[in-house]
Amino acid sequence: MSSSYGAFSTKQEEKRKRTVPDRVLIRRVYEYAQAHRRNLIIGAAATVAGALTGLAAPYMHAIAIDQIIMPKNLSGFIWWVPLFAIIILSNYVFQYIQTYQMRVVGEKVVARMRDDMMEKLQVISLRYFSEGEMGRIISRPTNDANTVRIFLRLGLTSILVDVSSILGSFAIMFFLDFQLALLAISILPVAIVLVWYLGKHSRAAYRRTLITTSGLTARMQEDLAGIKVTQAYAQEEETRRKFLKSQDENVKATIRAILVGSSYTPFVIGLRLIGTMIILFYGVAAVINGTILIGILVAFIEYQFSYFMPLVDLVSMYDQYQSAMSAIERMFDVIDTKIEVMDALPERSIALQ
Amino acid sequence: MSIAKPLLDYAKSLKPQKGLTQSFSAFKRLMKYHRRYSWFIAAIVILAVIRSVLFSLEPYYTTEIIINVIGPPSNTGPLLGYLLIILLAGVGYAISNFVLLFVHGVMSQYIVRDIRTDYYCSLQSKSFSFYDSKGVGDLTSRATVDLQLVDFFLRTWFGTVLNAVFTTIIIIVIIYPISPIMTLISMATMPLIFYFTTRLWVETMPLFRNMQLILGRLSSYIQQNIVGMKTVRIFRREKDVVDGFMQVEDVFVNTAIKAGKIQSIYMPLGPAILTLGIALVYVYAGYTLGIPGSALAIAQVGDIILFARYMMRMTFPIRDLSQTLGTWIAAYAGLERVFEIADTPRNVEDLPDAKDIKIEKGKLEFENVTFEYVKGRPVLNNVTFSVQPGEKIAILGATGSGKSSLIYLVPRFYDIQTGSIKIDGEDIRDFKLDSLRRQIGVVLQDVFLFSGTIKENIAFGKPDASIDEIVQAAKAARIHDFIESLPSDYATPVGERGVTLSGGQKQRITIARALLTNPRILIMDDSLSFVDAKTEQEIQSAIEEATKTRTTLIIAQRFSTIKTAEKILVLENGSVAEFGPHEELIAKNGVYKRVYETQFVQKASPILEETGGT
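In the order they appear, the protein sequences are chains A and B. For the first sequence, my numbering assigns the number 1 to the initial residue and increments by one for each residue that follows. For the second sequence, my numbering assigns the number 354 to the initial residue and increments by one for each residue that follows.
Simulated from the structure, these hints should not be mistaken for laboratory data. Treat the hints loosely; a few may be bogus.
[Said to hold, decoys possible] Quick list of in silico lysine-lysine cross-link-like pairs, DSBU-like style, CA-CA up to 35 Å: (1) Lys228(A) <-> Lys728(B); (2) Lys245(A) <-> Lys728(B); (3) Lys859(B) <-> Lys108(A); (4) Lys245(A) <-> Lys716(B); (5) Lys228(A) <-> Lys859(B); (6) Lys716(B) <-> Lys228(A); (7) Lys245(A) <-> Lys785(B); (8) Lys242(A) <-> Lys385(B); (9) Lys242(A) <-> Lys815(B); (10) Lys108(A) <-> Lys808(B); (11) Lys242(A) <-> Lys365(B); (12) Lys785(B) <-> Lys242(A).
[To be verified] Computed from the model, here is a short list of chain A residues facing chain B with C-beta under 7 Å: (13) Met118; (14) Ile150; (15) Gly226; (16) Lys228; (17) Tyr233; (18) Phe243; (19) Ile258; (20) Ile294; (21) Val298.
The beta carbon of each residue, even a glycine, is placed where N, CA and C say it ideally should be.
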């Protein structure tokens, strides 16, 4: 048992092609979530409500500026202040409910999947644990389960928040001024293509680091498994030299991935900037013409911010989503394993040694 | 008692006392690793200043547009100029941000590399007793999974902290001259936000840390009870294992939900407070600016918008800072696990005045040697015997009698507590470890081959050996013919991606490996049982050839080995029961004779006992 290959085997396996379609996996996870449906529904509803109340703020700023402060119509504060406070407060409450309920769902669903795996691991054939397989098996109820936990906790919520923020911003912008809204989202197709294209490159660079990382892990595991031989022959230096070489390769690949990964942020920022330019250019003219008020113009700049950032976030979520799906698939792989030796001769199980 | 009891007790014993402050020492140690990269640090500081300045320009110039372009009086003349400034500032921001992220990322890779190298070097110098109690999987995951958590923190932490500081300063510098009172109002909520953010992490940090520690233990629990499940199944304890697991998991889930509850209370609080602060600015401005009854001047409106927008901008650095604290918690737990191992004492080290000593003859003496793994429970007790150069000593004894310990003391895989071991009259502790070990050939009980070719494996102890030397060693180890039969003979890869070798073949390769260095002293743990007659014979022949001229200590499982030994040493409960040539011991009519008669004479099988030992 000295040679176990836990740790990074998940990463090694990530290179493997997936076979089960996403919707099947999602449906099966949803079955687990059924037991906590109430939490799930409340949590999801609160997530959407939280995102939408969050979007109300820039509009409320516009109202305060255009209708109360600028015309010195201060009695407006009588209704504006309580309304604003209520919106902020309800936004807080929604976010509180969302964070808590989604956490409960995420933790409990993964816990139950893990329990099922453990029970299964107790009864399936010993052949499943042949040499080399061990690490892979161990990583399923631990590393894989953890990936899914974190995804259900952060990723799922982010996706809900991002999607509702994007759609909510669009709705409000179109409500405020149709023409300016069209201009504001005119960069959207370019943004999607650009973000997707650059994202693809950074994902590819990232995957390459997985390979060098798993190489490094394998090297380390072997060095440690053979450490007694290495010490017996006083070959520490030679072994270390090889390890450091493999580590340097990994560092190089990772630096490359960082370069590619961070190189797409300037493009994204640049694009957002162009959006701001467009809004300012046409918006200023519209304000001068009296078509819109100053507050609305400022609100537009903020709304553009609040749909662009989630968009970028959503794309970066793609990797998390993919690795969560792979992890889920592997977990079900254990849960679904056919039982080969099922307590046929309980008293004889001693013979298994 | 449930199997999971110790783990459950451990999980429950994790008191949430280790807080943010306790992580300071780990943080300080991490800072030391930054020292080598002061140029990176300097670059990050400069870039962070530039980035924060450029980040803060857009709201300022948008306000300029509102005041000077929109008016009244409206004047579209300077619009393009302002837009150009905003565009340039934005491009500058994007570029400085990109360079900063990259420099930061490179630094983090270098630091993680340095930590991992230190960790690896510390592992290389740990004694056998360390590895007897630690799993390879766990040690590896500390260098990979745990250090990855450290990497996540290192990638952005410094830039994020600087961003929060510089952005706040720059914003204050811009807005203070416009209205000191409004600046005070808008900044009034800052301490509150800072307080709640700190509370959030102070309260959740110990919980997250506990979760990570429980998770670490859970995987070794799974490894022991699921993968090492033979025993579990023999004793029908499956239900216990799963029940125990679920109990521990309950502790984990409850901790996670508790942490979630705290997070859900504090996390959305910061932005909410900040937004309410904006309302305060509006109300204050609404009541104090301008003349009652008439509309506000455009300059004043512009200023209010500027204040509100800067306050909204402040949410970003605050949010990032909070997230960085979150990554620190994970990184801290990871660092703790890495440093814990790195700081474990070495046990076996070179003495300050150790020398390179050449072993000329190979005389070996044990004098009153006492050795214990655990204090007060000696495995070897007062062992004294001596071996003449070239003699072969077969060691016999039951499991746990200390056979493996005895032979492993010679190359100092473990250090003895009292007494001495001498080679050619020199105490082995006067040798440099390197010099001692290079001159002793070792065939371990656990035959281990590295992935690589057969040639590389045989030449492991002497990487520059010529192919002739390698072939000679292989011939002596009776494995040459087999290697020749392989598709690419000596270049055939072994290990996971190579050919599958039987235990007997592996053992002979390891014998060849030991012979290649041509050691004066050879220690062998020949515990390979259950081999067929032909292999048995080949191994026997290999061992005979190998031990012909060398001082040899061999743990014997077969009578054939014992027969060819000059002397036999019988260990009983860590003491030498009998020591002498075969005939002498038979004549003595003691333990050896008994063992000899029951094990070798009556049984056809040469197996003395099951594979085992320490």
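Consistency of the hints with the structure:
For the suggested pair lysine 228(A) and lysine 728(B), the alpha carbons sit about 23 Å apart, so the restraint of at most 35 Å is met. Among the hinted pairs, lysine 245(A) with lysine 728(B) is inconsistent with the structure: their alpha-carbon atoms are about 40 Å apart, more than 35 Å. Distance hint between lysine 859(B) and lysine 108(A) is unfulfilled; the C-alpha atoms sit about 48 Å from each other, more than 35 Å. As the CA atoms of lysine 245(A) and lysine 716(B) are separated by approximately 40 Å, the hinted pair breaks the 35 Å bound.
Of the pairs offered as hints, the one joining lysine 228(A) and lysine 859(B) holds, with about 16 Å between alpha carbons and a cut-off of 35 Å not exceeded. Between lysine 716(B) and lysine 228(A), the direct Cα distance comes to roughly 24 Å. Compliance with the 35 Å bound is thereby established for this hinted pair. Pair hint lysine 245(A) plus lysine 785(B) holds up; C-alpha atoms about 27 Å apart against a cutoff of 35 Å. Simply put, lysine 242(A) and lysine 385(B) have alpha-carbon atoms about 26 Å apart, close enough for the 35 Å limit, and the pair holds.
Annotation: proposed proximity of lysine 242(A) to lysine 815(B) holds, straight-line Cα distance about 15 Å (limit 35 Å). Under the criterion of a C-alpha separation no larger than 35 Å, the hint pairing lysine 108(A) with lysine 808(B) is inconsistent with the structure, at around 53 Å. At most 35 Å may separate the alpha-carbon atoms for a hinted pair to count; lysine 242(A) and lysine 365(B) exceed this at roughly 42 Å. For the proposed pair lysine 785(B) and lysine 242(A), the alpha carbon gap of about 23 Å is at most 35 Å, so the pair holds.
Hint on methionine 118(A) holds. Least Cβ distance to chain B is approximately 5 Å, under the 7 Å limit. Contact between isoleucine 150(A) and chain B, as hinted, is not supported at the beta carbon level, the nearest pair being about 10 Å apart and thus beyond 7 Å. Below 7 Å, beta-carbon pairs count as interface contacts, and glycine 226(A) has one with chain B at about 5 Å; its hint therefore holds. Taken as an interface hint, lysine 228(A) checks out: its beta carbon lies about 6 Å from the nearest beta carbon of chain B, inside 7 Å.
A cut of 7 Å between beta carbons decides the hint on tyrosine 233(A): the least distance to chain B is about 4 Å, and the hint holds. Checking phenylalanine 243(A) against chain B: minimum C-beta separation of about 6 Å stays under 7 Å; hint holds. Interface restraint check: isoleucine 258(A) against chain B, minimum CB-CB distance 4 Å, threshold 7 Å, status holds. Using the Cβ-Cβ criterion of 7 Å, the hint placing isoleucine 294(A) at the interface with chain B is satisfied: the shortest such distance is roughly 6 Å.
A hinted interface residue such as valine 298(A) counts as satisfied when its beta carbon comes closer than 7 Å to some beta carbon of chain B; here the least separation is about 5 Å, so the hint holds.
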